[in-house]
Amino acid sequence: MDTETIFLIIMAVLGGISMFFMLIGVIGLHRFPDVYTRLHAATKATTFGSIFLILVVITYGIFKLTEGNGETSGAFMHLIGMSIVALLALLITNPTGAHAIARAARRSGVKPEQAVVDEFEEVD
Amino acid sequence: MTFGPTELLLIGIAVLSAGIILALLRLFLGPTAPDRVVALDTVNTIVVGLMVAFAAYFQEVVFVDIAVVYALLSFGATMFIARYMERSKETGGVN
Amino acid sequence: MLTFFMTFIGVLILYLLMVLGSGNGETMGYLFHWQELVAGVILSLIAAAITRAMFGKAVNNKLFFRFPLFLAYIPVWFLYLTKANIEVAIMVITGNIRPGIVKINPGLKTNLGKTILANSITLTPGTLTVDLSENSDDMYIHWINVKETKTMDEKIKGVCGPFAKWARRLAE
Numbered sequence: 001m002d003t004e005t006i007f008l009i010i011m012a013v014l015g016g017i018s019m020f021f022m023l024i025g026v027i028g029l030h031r032f033p034d035v036y037t038r039l040h041a042a043t044k045a046t047t048f049g050s051i052f053l054i055l056v057v058i059t060y061g062i063f064k065l066t067e068g069n070g071e072t073s074g075a076f077m078h079l080i081g082m083s084i085v086a087l088l089a090l091l092i093t094n095p096t097g098a099h100a101i102a103r104a105a106r107r108s109g110v111k112p113e114q115a116v117v118d119e120f121e122e123v124d
Numbered sequence: 001m002t003f004g005p006t007e008l009l010l011i012g013i014a015v016l017s018a019g020i021i022l023a024l025l026r027l028f029l030g031p032t033a034p035d036r037v038v039a040l041d042t043v044n045t046i047v048v049g050l051m052v053a054f055a056a057y058f059q060e061v062v063f064v065d066i067a068v069v070y071a072l073l074s075f076g077a078t079m080f081i082a083r084y085m086e087r088s089k090e091t092g093g094v095n
Numbered sequence: 001m002l003t004f005f006m007t008f009i010g011v012l013i014l015y016l017l018m019v020l021g022s023g024n025g026e027t028m029g030y031l032f033h034w035q036e037l038v039a040g041v042i043l044s045l046i047a048a049a050i051t052r053a054m055f056g057k058a059v060n061n062k063l064f065f066r067f068p069l070f071l072a073y074i075p076v077w078f079l080y081l082t083k084a085n086i087e088v089a090i091m092v093i094t095g096n097i098r099p100g101i102v103k104i105n106p107g108l109k110t111n112l113g114k115t116i117l118a119n120s121i122t123l124t125p126g127t128l129t130v131d132l133s134e135n136s137d138d139m140y141i142h143w144i145n146v147k148e149t150k151t152m153d154e155k156i157k158g159v160c161g162p163f164a165k166w167a168r169r170l171a172e
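Residue numbers (this note's numbering), protein chains in the order written: chain A, 1 to 124; chain B, 1 to 95; chain C, 1 to 172.
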């Protein structure tokens, strides 16, 4: 097996996991009954999918670096570095945004559907 | 045509685009305003991932620079809309 | 001073990640250009000077020496993230849910601890932070698969898993 095949297999596995969870998140938007359960699907699954998608891109950058050619290697290093920064930005902003939406929804009076328990008290 | 890492990225880009269309469907259907914001947030996350994948596919590093800025700006937009929904209760609501 | 130093290091690492690959193939290969390093140090000093007042209250000496614990926290967090996603995938496919909003009091006092706990449990099995009470330390959590619990301790354990302990260890 040459280097390209090995990198291709690694990328295919990581990319498969990423695409599966991205699609689970989007399908969850249609399968779940109300805004809170939809937030569960959207936030968790797409964040997890993004982690693996960026791992795919980093693997691709490393593959291009191993191919040599000094002139373009700076561009691929930049791709890897900025991908890590993009991942950090997503990991911090996604749960915070989900929390903001859930809080706004509950305070504007959207009740959770099919709820077995609701201990939320109105605070004004 | 040989199947290499570049073609694999193209398949990923196609799947993510289909995901964006499905999420946009929820954006149009969504019965309440928070539902639409959740769909918008999902679209934003997928667009950031898509931009990083495009940067690798076209080998244009500037795309991933934009992706970081887009992630932070979309977070600001989500916070702003959430804040607006929270206060709109007194003024009659947006639902 | 310690806050200044930590912010400086953090901003410098972020800057170096962003300019990775700027070299011209001479002194440091293609990794960094020396001009970028000089600009990075100057900009990090300016950023640290501006944000010192902001982070001054959140970071203190006690927390600085717990910094290695964050590295130990990452694998635990990732393991639970994986578990949570598999659970969500099963729920999306089968549609078996039992949602509800519960109120817990994890006994965290500092803002940093609450932030860590809230963001961690948003990404881990079946829980989503809805609101924090401004007067007390209560947290309102949307739980997608509510289990019957009797005492508050059982409820905290069911909602937070190991994260209440970790947040206390990291931030208090």
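Treat each hint with caution, since some may be false.
Subject to a maximum C-alpha distance of 27 Å in a straight line, what follows is the list of computed BS3-like cross-link-like pairs (lysine-lysine) [as the list claims (entries may be wrong)]: (1) Lys114(C) with Lys111(A); (2) Lys111(A) with Lys147(C); (3) Lys111(A) with Lys155(C); (4) Lys111(A) with Lys103(C); (5) Lys111(A) with Lys165(C).
Worth flagging that the hints you see were computed from the coordinates, not collected in a lab.
Here's how the hints hold up against the structure:
1. Proposed proximity of Lys114(C) and Lys111(A) is supported: the alpha carbons are some 25 Å apart, at most 27 Å.
2. With a CA separation close to 20 Å, the supplied pair Lys111(A) and Lys147(C) stays within the 27 Å bound.
3. With a C-alpha separation of about 22 Å, the suggested pairing of Lys111(A) with Lys155(C) holds against the 27 Å cut-off.
4. A C-alpha spacing of about 16 Å is found between Lys111(A) and Lys103(C), which places the hinted pair at or below 27 Å, so the restraint holds.
5. Of the supplied pair hints, the one linking Lys111(A) and Lys165(C) is violated, its CA atoms being roughly 31 Å apart against a limit of 27 Å.
In this structure, only the earlier hint numbered 5 is contradicted, and the remaining ones agree with it.
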